[in-house]
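Asks: Hey, can you work out the whole structure from these sequences and the hints?
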Amino acid sequence: MSISCMHFSCQLLLLLSFHRHVNTNLSVSENSTFITEPPVETPEPKTPPLAPLTPTQTAQRSVVLTGENHTEKIEVVNPVILNLECVWPGNSKSLPNITGYWTKDGQTIETSYSNIPLENDRYRLIKEFTIMNEEDLGIYSYLFGPKAKVEFILAAPHLGEVRDKPIVSYVGDSVVMLCKMDEKKPQPISWNWYIQNGTNKVQIESDANAHKYKITNEGKKTKLLVYNLTESDSGVYYCGAVYGVATSMGHMQLRVITYYEPLKPFIGILAEVVVLVAVILLYEKTGSRKHGQSGTEENTDQTNNLSHRDNDVAEGHSSTRQRKV
Amino acid sequence: MPPPATSNLGYTPPDGGWGWVIVFSAFISIGFSYAFPKSLTVFFKEIQEYFSVSYSEIAWVSSVMLATMYAAGPISSVLVNRYGSRPVVMVGGLLVGLGMVSASFGTTIVHLYLCVGVIGGFGLAFNLQPSLTIIGTYFHAKRPLANGLAMTGSPVVLFTLAPLNQFLFDSFGWRGSFLILGGITLNCCVAGSLMRPVKKTVESTPKEEALEFNGPEEAAPEVSTESQSCVQRFIDISLFKHRGFLIYLVGNIILFFGFFAPVVFLAPYAKHQGIDEYSAAFLLSIFALSDMFVRPATGFAGNTKWVRPKIQYFFAFAVSYNGVCHLLCPLLPGYAGLVVYAVFFGLAFGMLSALLFETLMDLVGAKRFSTAVGLCTIIECGPVLLGPPISGALVDAFGDYKYMYYTCGVFMLVPGIFFFIMHYFNYKKLDEEKHKAAVEMRTAEDTVHLNIGQKDKSEDEVEK
Numbered sequence: 001m002s003i004s005c006m007h008f009s010c011q012l013l014l015l016l017s018f019h020r021h022v023n024t025n026l027s028v029s030e031n032s033t034f035i036t037e038p039p040v041e042t043p044e045p046k047t048p049p050l051a052p053l054t055p056t057q058t059a060q061r062s063v064v065l066t067g068e069n070h071t072e073k074i075e076v077v078n079p080v081i082l083n084l085e086c087v088w089p090g091n092s093k094s095l096p097n098i099t100g101y102w103t104k105d106g107q108t109i110e111t112s113y114s115n116i117p118l119e120n121d122r123y124r125l126i127k128e129f130t131i132m133n134e135e136d137l138g139i140y141s142y143l144f145g146p147k148a149k150v151e152f153i154l155a156a157p158h159l160g161e162v163r164d165k166p167i168v169s170y171v172g173d174s175v176v177m178l179c180k181m182d183e184k185k186p187q188p189i190s191w192n193w194y195i196q197n198g199t200n201k202v203q204i205e206s207d208a209n210a211h212k213y214k215i216t217n218e219g220k221k222t223k224l225l226v227y228n229l230t231e232s233d234s235g236v237y238y239c240g241a242v243y244g245v246a247t248s249m250g251h252m253q254l255r256v257i258t259y260y261e262p263l264k265p266f267i268g269i270l271a272e273v274v275v276l277v278a279v280i281l282l283y284e285k286t287g288s289r290k291h292g293q294s295g296t297e298e299n300t301d302q303t304n305n306l307s308h309r310d311n312d313v314a315e316g317h318s319s320t321r322q323r324k325v
Numbered sequence: 001m002p003p004p005a006t007s008n009l010g011y012t013p014p015d016g017g018w019g020w021v022i023v024f025s026a027f028i029s030i031g032f033s034y035a036f037p038k039s040l041t042v043f044f045k046e047i048q049e050y051f052s053v054s055y056s057e058i059a060w061v062s063s064v065m066l067a068t069m070y071a072a073g074p075i076s077s078v079l080v081n082r083y084g085s086r087p088v089v090m091v092g093g094l095l096v097g098l099g100m101v102s103a104s105f106g107t108t109i110v111h112l113y114l115c116v117g118v119i120g121g122f123g124l125a126f127n128l129q130p131s132l133t134i135i136g137t138y139f140h141a142k143r144p145l146a147n148g149l150a151m152t153g154s155p156v157v158l159f160t161l162a163p164l165n166q167f168l169f170d171s172f173g174w175r176g177s178f179l180i181l182g183g184i185t186l187n188c189c190v191a192g193s194l195m196r197p198v199k200k201t202v203e204s205t206p207k208e209e210a211l212e213f214n215g216p217e218e219a220a221p222e223v224s225t226e227s228q229s230c231v232q233r234f235i236d237i238s239l240f241k242h243r244g245f246l247i248y249l250v251g252n253i254i255l256f257f258g259f260f261a262p263v264v265f266l267a268p269y270a271k272h273q274g275i276d277e278y279s280a281a282f283l284l285s286i287f288a289l290s291d292m293f294v295r296p297a298t299g300f301a302g303n304t305k306w307v308r309p310k311i312q313y314f315f316a317f318a319v320s321y322n323g324v325c326h327l328l329c330p331l332l333p334g335y336a337g338l339v340v341y342a343v344f345f346g347l348a349f350g351m352l353s354a355l356l357f358e359t360l361m362d363l364v365g366a367k368r369f370s371t372a373v374g375l376c377t378i379i380e381c382g383p384v385l386l387g388p389p390i391s392g393a394l395v396d397a398f399g400d401y402k403y404m405y406y407t408c409g410v411f412m413l414v415p416g417i418f419f420f421i422m423h424y425f426n427y428k429k430l431d432e433e434k435h436k437a438a439v440e441m442r443t444a445e446d447t448v449h450l451n452i453g454q455k456d457k458s459e460d461e462v463e464k
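Protein chains in written order, with this note's numbering: chain B, 1 to 325; chain V, 1 to 464.
There may be inaccurate statements among the hints.
To be verified - Label-pair restraints from in silico Cβ distances: (1) V:F300 <-> B:T230: 57 to 65 Å; (2) V:F398 <-> B:T230: 19 to 27 Å; (3) B:S232 <-> V:F44: 25 to 33 Å; (4) V:I253 <-> B:Y227: 44 to 52 Å.
Source of the hints: derived by calculation from the structure; they are not laboratory data.
We put the beta carbon where it would ideally sit given N, CA and C, even for glycine.
Replies: Written as structure tokens, this is what we have:
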């Protein structure tokens, strides 16, 4: 397994009970496991239902602490009932009882305070969480008193590399913006694109504005084509990968500029080239004219001098075998 | 101490003075010729999305540019023979500039193939050949050094263009970048304007000394252009009867199959081994740095009195060293091993590049060099283009990079050994020819002296 497990040994006890009688795939990678839906025969609803519905999966994750801290990343794709178990091995100096509590995103969950007895040389606690939608995702931490902490980071699958620098395009031109999910991550149900309007995210409807926007979804990739760009199209765009539990967002910035912007440095460089070429050629012409003026009378002398000088140079470099005749 | 400045050029080259300015301008021209196609890869991802094409279709832009640059070699040679280096380089610079500017308005991928690939390729060809040729006219004694320095242009310009291209892309997108790059390549015109035709001062030392130290250039007087037919003057088919040229050509055809592929696959190989993208890119920088420093050093070494006479062996050593490097690469473990490989490969690549054209000049002489290099590049066009895809196919077929490295190693080692053997025989034959010519000259001189002596005697008798 990976190097980090040398520091923290992870024992995963997974208890899976299902509403439907199908098999699931379980893949375990370095720090996170994701719970995936099996291939579905019936079509899924387009938007995740808002009414509380009986979750179809239950899962359990356990962590045995070997140090003072441990962080576990859990990728959640669909609504799930998650049992989180924390185990802290004690030693001879351990107290018979300690108080522990849960926090979510830094806020203490008041009802979670409990006393944990020392049993079989360890403290053990398990709690059930219902993860239904985006608000239920976040960082859940369990603290064993002030000393030990286990962190579970629950999140929807993150997008792959998204360009952090602005995408530059030109007025009248078109642009393609790309968002993609890593190969190893599960495929989203669908993709949505949003544009920033003030503080809101407005969804882009490609059907309504077919001449302006075109959204192409190909499984784990999505492309937004914007035609006939104008300067007002500049701004922040969001792509959202829709999963059962939440939508994973990525953002990118579009900058629309006119052709005058690159034209200015281009003209500058052009001017520099013209000036340099003119200077070099003129310098050579005046140089040769000077030579020509003074050299017409002494032309033969000049060439003789040159050849003599070259000879001396040659002599200086030559081996002793050189004989002057 | 470098050998004497006499050559069979018919004049004494300056070996300095304005020659160093020529080296600088050749540095820029050669730098753009080799580095420009490689540096365009920064834009490919975005252009690929924009035109909705596959990566291999976009990579063709670079390949077409490189292919045209090599294939247009003979045309470039003809123009240089006719008009000299300066106008050709200036036209070349204009062509590349024009190509890039029109590409920035491109609407289809074919538009890019034509503007960047074909027009740009022609422009670069018109930069490469004349720069190499003009060094041969300005230098003889210090020519290896001049060549080494000029060839350093390639890694230096690549090193500069790579981050510059990234910056331009972030600020202006690909269209604006192409426009500005068109302007930047116009600086080749500036380089061209510096290439003054050399002042041909008449050689005043006698012919005999010309025979003493010419390197392996054939001691027999060069074929005079007047006696050649029109076609021969342009293409010079007689080069194919030139022993040295043939050796060079055959060896080069084989070695170019394995020359560029390891560079192309260095970063992917590193990533395949699990190294992250930035460290993999850093490997290329290490490679470029060691390449950059070894080229002038090789030029300098090639100029020394121990190496210059047998510079072909030095070249053969460089080729073989490349081969050994690639054969050992798969055995080096981890990132540290790859760094070591990058350093040594950079040294090998630089050494070979610095000597590549110097050895050709050495073999055929500066007069026929222009035509020779044109012929060489058009024939090498094939291996240069086929090398990386064949290596890529090997990687895909075996799923492992080591077979590709072994193949490239063999492709370089075999020509290296071939060069050693063939040049041993070539040097021997050249020495024999030189002795024969020297003997003939001496007998001719003796007869002349005899005749003069007799004439004097008869004149004396007449006077008496």
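Asks: Work down the list of hints and note, for each, if the structure agrees.
Replies: Here's how the hints hold up against the structure:
1. V:F300 <-> B:T230: 57 to 65 Å: For F300 of chain V and T230 of chain B the Cβ distance comes to about 58 Å; the hint holds.
2. V:F398 <-> B:T230: 19 to 27 Å: violated (52 Å)
3. B:S232 <-> V:F44: 25 to 33 Å: holds (30 Å)
4. V:I253 <-> B:Y227: 44 to 52 Å: holds (49 Å)
Consistency note: the structure conflicts with earlier hint 2 alone.
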